[in-house]
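Starting from the given sequences, assemble the full structure and let the hints guide the process.
So you can see what is in the structure, the chains are spelled out below.
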Amino acid sequence: MLQTAFFPLSYSDPFAEMRRMQSAMNRLLDGARQPGLAAIYPAVNFWAGEDSIVMTAELPGLTVQDIELTVKDMMLSIRVTYPEPETGDDITWHRHERADGSLLRSLELPFRVDPEHIDARFQNGILTVEMQRPEDDKPKHIQIK
Amino acid sequence: MAQELMASDERGVAPTEGRGDAMRRAFTPAVDIFERGGTTVIMADMPGVAPDDLDVTLERRVLTLRGTVKPHAPKGYRRLSSEYREGDYVRVFSLSEDIDQKQINAEFTNGVLRLELPHAAAAKPRKISVKAA
Numbered sequence: 001m002l003q004t005a006f007f008p009l010s011y012s013d014p015f016a017e018m019r020r021m022q023s024a025m026n027r028l029l030d031g032a033r034q035p036g037l038a039a040i041y042p043a044v045n046f047w048a049g050e051d052s053i054v055m056t057a058e059l060p061g062l063t064v065q066d067i068e069l070t071v072k073d074m075m076l077s078i079r080v081t082y083p084e085p086e087t088g089d090d091i092t093w094h095r096h097e098r099a100d101g102s103l104l105r106s107l108e109l110p111f112r113v114d115p116e117h118i119d120a121r122f123q124n125g126i127l128t129v130e131m132q133r134p135e136d137d138k139p140k141h142i143q144i145k
Numbered sequence: 001m002a003q004e005l006m007a008s009d010e011r012g013v014a015p016t017e018g019r020g021d022a023m024r025r026a027f028t029p030a031v032d033i034f035e036r037g038g039t040t041v042i043m044a045d046m047p048g049v050a051p052d053d054l055d056v057t058l059e060r061r062v063l064t065l066r067g068t069v070k071p072h073a074p075k076g077y078r079r080l081s082s083e084y085r086e087g088d089y090v091r092v093f094s095l096s097e098d099i100d101q102k103q104i105n106a107e108f109t110n111g112v113l114r115l116e117l118p119h120a121a122a123a124k125p126r127k128i129s130v131k132a133a
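Top line first, the protein sequences correspond to chains A and B.
1 is the number of the first residue of the first sequence in the numbering used here; add one for each residue after it.
1 is the number of the first residue of the second sequence in the numbering used here; add one for each residue after it.
The hints are simulated quantities; they were obtained by calculation from the structure and are not laboratory data.
Treat the hints with care, since some could be wrong.
To be verified - Per the computed footprint, the stretches of chain B lying under chain A, defined by three or more beta-carbons under 8 Å from a beta-carbon of chain A, are: (1) 28–39; (2) 48–62; (3) 81–89.
Stated by the list, open to error - Lysine-lysine pairs mimicking DSSO-like chemistry, simulated, CA-CA at most 30 Å apart: (4) A:K140 x B:K102; (5) A:K72 x B:K75; (6) B:K102 x B:K127; (7) B:K75 x A:K138; (8) A:K72 x A:K145; (9) A:K140 x A:K72.
Claimed, not checked - Now the stretches of chain B that chain A is said to cover, found in silico as 3 or more residues with beta-carbon under 8 Å: (10) 92–101; (11) 105–114.
Remember, predicted model here, so these are calculated numbers, not experimental data.
Beta carbons: idealized from backbone N, C-alpha and C, even for Gly.
Right under this line is the structure:
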């Protein structure tokens, strides 16, 4: 039989239409998600070195004053506060996709870091935090006799 | 009002043009667009783009925002985990008003492009007085 789009229920599979509706629904809801915004935010990347670790995060639109970094043992916390979007009676909004508000994210590090040797930089909307493993926490090589 | 052109086939990822560069991804930057006092303001998030690697063109009423990202992997480090990917940014809008090209103001701070596009005088509403015959 020739299948045409006009008879969607003529399928032998009674669930085909249901699945189609479901995927259409998913597409619809998917579209509601703002582009650029990850489910977890701020999204971070980790880089591993010999005895150090680097974390990078995309935080466009912030200044150094809007970012608060705290570290304790193996936990790194980032608190960011986005600047208020522009307001006024004379403003007509067409699109609002960029992040606002404030958020806090705590991340567990693979090892304890030395709070005295943390290098944090912020350039072009990218936060880079380089952390060192404390001397007493580094794995020791044991000489075998 | 700015209407978006170019439908992205993957969410947040715009199709890349250009040959031989197929592995490079282009992302759709998140934007804020509002209008105030006859000026359209567009703000686009483009983290990781250096101010010199930004390319904004307005041809007739088609506005193209393009940002090129130089890979900035920390030296001597290997990738451990990734929640976001780096890539270029492309977004194209079709504007519904004529823009006064000489008055365009563009700023790029902390990874955010801010474009101020004042509408051309002809695009602003003009009152026409009707004379009685």
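Evaluation of the provided hints:
Counting residues of the stretch 28–39 of chain B whose beta-carbon sits less than 8 Å from any beta-carbon of chain A gives 10, enough to reach three: the coverage restraint holds. As drawn, the stretch 48–62 of chain B meets chain A at 4 residues by the rule of a beta-carbon pair under 8 Å; at three or more, the given contact holds. Here's how the stretch 81–89 of chain B fares: 4 of its residues keep a CB closer than 8 Å to some CB of chain A, so the rule of at least three is met and the hint holds. At most 30 Å may separate the alpha-carbon atoms for a hinted pair to count; K140 of chain A and K102 of chain B exceed this at roughly 65 Å.
Among the hinted pairs, K72 of chain A with K75 of chain B is consistent with the structure: their alpha-carbon atoms are about 26 Å apart, no more than 30 Å. A hinted pair counts as satisfied when its Cα atoms are at most 30 Å apart, and K102 of chain B with K127 of chain B qualifies at roughly 25 Å. Pair hint K75 of chain B plus K138 of chain A holds up; C-alpha atoms about 21 Å apart against a cutoff of 30 Å. A C-alpha spacing of about 38 Å is found between K72 of chain A and K145 of chain A, which places the hinted pair above 30 Å, so the restraint is violated.
For the suggested pair K140 of chain A and K72 of chain A, the alpha carbons sit about 23 Å apart, so the restraint of at most 30 Å is met. By the rule of at least three residues with a Cβ nearer than 8 Å to a Cβ of chain A, the coverage given for the stretch 92–101 of chain B is violated, with 0 such residues. Closer than 8 Å: that is the beta-carbon criterion, and the stretch 105–114 of chain B has 3 residues meeting it against chain A, so the requirement of 3 holds.
Hint check: violations occur at hints 4, 8, 10; the rest are consistent with the structure.
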